[in-house]
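Student: Use these hints to put chain P onto chain A, whose structure you have.
Residue numbers (this note's numbering), protein chains in the order written: chain A, 1 to 642; chain P, 643 to 1284.
Hints listed in this document are in silico derivations from the structure and should not be mistaken for laboratory results. Here a beta-carbon is modelled for each residue, glycine too, at the ideal position from N, C-alpha and C. Where hints are given, some of them may not hold.
Per the computed footprint, the stretches of chain A lying under chain P, defined by three or more beta-carbons under 8 Å from a beta-carbon of chain P, are [what the hints assert, rightly or not]: (1) 172-179; (2) 307-320; (3) 329-339.
There are 2 protein chains.
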Amino acid sequence: MAKKVTFQPYNITIEVEDGENLLRVALNAGVHINASCGGEGVCGKCRVILEEGQLECPETSLLTRDEWKLGYRQACQCRVVSDIVVRIPPESLLDKKTITRRRTGVSLRPSAIDVAALREEGLYDPAFQKKFLKLPPASLDDNICDLSRLEQGLNRQFGLKNLTLDFLLTRKLARTMRQQDFQVTATLDYAQRRSRNPRLVDIEAGDTADRHFALAVDIGTTTVWVQLLDLAQGEIIGQAADYNGQLSYGDDVISRIVYSQKEKGLETLQKAVASTINNVIQTLLKRHRLQVEEISHLTLAANTTMTHLFYGIDPKHIRLAPYTPTACHVPPVRARHLGLELPEHVFIYSVSSVSSYVGGDIVSGALASGIYKEPKLTLYIDIGTNGEIVIGNHEWLVCAACSAGPAFEGGGIRFGMRAAKGAIEEVSVNPQTAEPMFVTIGMVKPKGICGSGLINLLAVLMEGNILAPNGRFREDLDTPRIRECEEGREYVLAWANETASGEDLTITEVDIDNLMRAKAAMFAGYVTLLDNVGLKLQDIEQVILAGAFGNFINLENSIAIGLLPDLPRDRFHFVGNGSLMGATLLAFSRELLEEERRVADMMTNFELSETPGFMDHYIAALFLPHTQEEYFPTITERLRAG
Amino acid sequence: MAKKVTFQPYNITIEVEDGENLLRVALNAGVHINASCGGEGVCGKCRVILEEGQLECPETSLLTRDEWKLGYRQACQCRVVSDIVVRIPPESLLDKKTITRRRTGVSLRPSAIDVAALREEGLYDPAFQKKFLKLPPASLDDNICDLSRLEQGLNRQFGLKNLTLDFLLTRKLARTMRQQDFQVTATLDYAQRRSRNPRLVDIEAGDTADRHFALAVDIGTTTVWVQLLDLAQGEIIGQAADYNGQLSYGDDVISRIVYSQKEKGLETLQKAVASTINNVIQTLLKRHRLQVEEISHLTLAANTTMTHLFYGIDPKHIRLAPYTPTACHVPPVRARHLGLELPEHVFIYSVSSVSSYVGGDIVSGALASGIYKEPKLTLYIDIGTNGEIVIGNHEWLVCAACSAGPAFEGGGIRFGMRAAKGAIEEVSVNPQTAEPMFVTIGMVKPKGICGSGLINLLAVLMEGNILAPNGRFREDLDTPRIRECEEGREYVLAWANETASGEDLTITEVDIDNLMRAKAAMFAGYVTLLDNVGLKLQDIEQVILAGAFGNFINLENSIAIGLLPDLPRDRFHFVGNGSLMGATLLAFSRELLEEERRVADMMTNFELSETPGFMDHYIAALFLPHTQEEYFPTITERLRAG
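Only chain A is shown next, with the shape it has when bound in the complex (with noise of 0.2 Å):
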């Protein structure tokens, strides 16, 4: 049940899940309490005083016995589970201008797949369908051969002909049509043949029609994630992730290719991610007590050069000019081919591919977000070491890489780190003090900020006009918070003792630019895509947010620093991971799967470096939010206010 905190004097009053952090809560009501150690409860500094209602919270040294009683407590080490009133001390105290200037911004709720929907639309339909057969058995008068006698079962039963055959099922279909008196179900696949002839894929004795599984895989550069689907119900059972094994050849898709290029290099990124793969069905397979026999097929979306590395096919020319892919779209082949360990009968199916850096985790987000059959004109957005985008609606889309860098997965920015226990990721700054404010995962001493936490901190110094739009510190401020550093100047987030390493936590104004130049690369993907087509921003009538970094982005801050547009935020939705959901999706429905390819083929690549204008719309970013004013009219005006 729901629970209200109200803090006091801003009279600030919000609604948050029983349980819920204090510290937490204060950040999301944009109520700030100096907290320098990330949660942990050792800075003794996010000090609140309960004035009405039930806090859950230890005893602390911290503390004194009388501070206790005068309902002092820290906001950090305390659980709402009750109404309650809070007041800020004075050492915390903001303006009330200041503190009511904004909320912290929304985060987007993930949308998930729909099966209800899709079968309302027709396109429940999975490529792989099981049909339960009665076959006459054989005697003297039929002695056919026992794959005629099952072509003839499948023709009778349900009028299917001149089916495409798979060799290996030859060699069980004797033992299994024996098993059960002729009783026996069928596997067929509608997805490789354009024509309505299936591909015969497997049959099992009896009656398994209600038994039909398959996977989806998401291989992300840093993370390979699976869904287990039941195709007899419709249902998404589980899913599960683990770090992509290729992370200790290198972190990016670069430093992979390269790797790739030594001897036995892609053999061994190949085997790599296989085997994290495998790792994960295992793990699938296990929690719901499935046999492996059970899984018929398995789609894949990933990015061109996971795809390439996946298959074994050498990436080598992704990264030399001009740049071509192997193979965009790349033929099913049995999952066992390459090192998959699924039934024989198992094929992938993977989505299409549309360029270099416009890979099929593009094309699956963009199939499952329905961008693509939408008349609304959309923009779909996957920040990662690339931020890829595509712009479009039912009848044209087109599509580019940004080249962003891995700034928003924390590389190139000194304490930058993945979202991992430790990392900073919802951050204040007091615009008086310069004191900050911030939460890191699972609540521990500091180690570093991950991305979200990095668009925030940005966000908030810069709204704290702590930070120049020229990502630049302020000379003029009272505080040790800014000092001189060797690369120029630096904002200390936690002080060595508050945090896990033993030293300072800082950003530095070489990290504003690497981030600023992320964003700016961004940014100038949008204008620099819009203007190919005579758009403008302000055409675009739904944004669509993906990736694994869309699922912690807060909306206001990353439109804040002009990462992205200043559009009304209900135009904003969020796809999650929208690459799985696609390959989820192709296993659901025929349809899909059928026009994945078209889809891709649909989307006009730019190669944003050869794209006129591009260059100028990227200097002309590089500024907070943006030098020119009228791209972000409400951050403007709330700037001005402020």
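Tutor: Coordinates of chain P only, in the frame set by chain A:
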């Protein structure tokens, strides 16, 4: 240049090739000369007197100086080098009446594949085709993926669309395309798809369209034949054969099936035949200096058991009632998957079988001989371990396996052997003295009798009235050649001192029973099938003999013993190795490759043991030539005249 040989006192003249062996000439002319050492020259019995002309022959210790001067020669040692007249000495003389009553019958010559005729019929159109493409090189303005570039090229240059792609191709694509500046040759497969859209099989750098080869394979229970085909020129380049490596595990299909049921038995047999095929292919490639990479596909014909074993499909049910094969039409499969040392992209296409005992070898022969498109009522006969027969025309085909057993391959015959060195093949017996005259393969001391030798022997024993029509030796002949033995009576073909083994070489009444059962099964098969379609033997307009056995068969003798029907001799044709020929035709003709399954499906199989009338026909045929004389009018007439 042909030479004329005249035999006196019979005044029989025959034209022969220059250099022909004189004993063989006599056999072919139907002139008897006692000769029982097989042609090795050691018995000294085959004396003739040279009256005119020249004979090339060594001096021999078996003739005195005086005899030599009188013109005596050993026929088996002489080569005809001019027109000659020779006289048969009194000890070999037959009644003129006996000798003139017939010549030893015609041996049919195998027909060959006539590519020119195929072209005329529009059938020369291999399902695998090479296309040379000049693709525009990749550039920053045009950096679509390599595979799409290839597809676009095929579309633009040849109007090809919606190709099916072979996954493995993708791994070599980038390298191959850049080897000769985006000039490539694509290999396309029109066989796997019923639609007009081919499968893209392989790609090579540069223009290799004139280098395009394929293999046709016939897996016999005993022998594996391979033909090497030039698809660019439309030629059979060469052929080679070897014994099927499975021979170590059993001589016939039944013993192979039994072996396959042992632990690892199936795997052992599969590997054995794959190894044989590999060896024969190696031999051919070496001989014709071809690279294995230039092979694009392999077509295969074999009997049902051999097909199952080669594909690694358990053949168990072939010999268990109700005798169902697992697959009569085996889907195409990668050659490497079956252990063949061929390029990754090579698939195997095999001719469909009809039933457990009417296999792809027979269907292949039916294709090769064209009976499925011939208005003439045709009887197609393949005599091997099982005799298989097909009757019909372009509208219908019926077929059956006759369970003739291996007698005509020498199986179950005391001195039966394969057609190898030392096997008696041509034979005559002096009806007055019961003395034999024979030639062995290689003209060495006799070791045994091969299938064609057995037929010839049976015929001459019967026609010489040494053997009664019921298969018993006459008891009233004054000759040491016929004697009692453990198995009734036997006829001595060669005495111990004349044979390779040093023991008497005989044929027993038990041997003769076996041969009679075999020929009776065949004949009963023809008549039973014809009965079932309401036709008579005389309605047969064409008889096609196929199989290795047919290669050496003596037509007249085969009719004489009742193995073949007594029809006008000009209705008989010999197709040679019909199975191999059919496999080759499939490689040459896409239409036939598409047709083959239809032809197999067209063939209605009769299980003779289950077919009413068969047993009666069989019992009636256990007689030489047959209990019903009207079936064998010319033989009956000749015997009466004799």
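Student: Confirm or reject each hint.
Tutor: Verification of the hints:
1. 172-179: holds (count 3)
2. 307-320: holds (count 6)
3. 329-339: Result for this restraint: holds, n = 6.
In the structure shown, no violation is registered for any of the earlier numbered hints.
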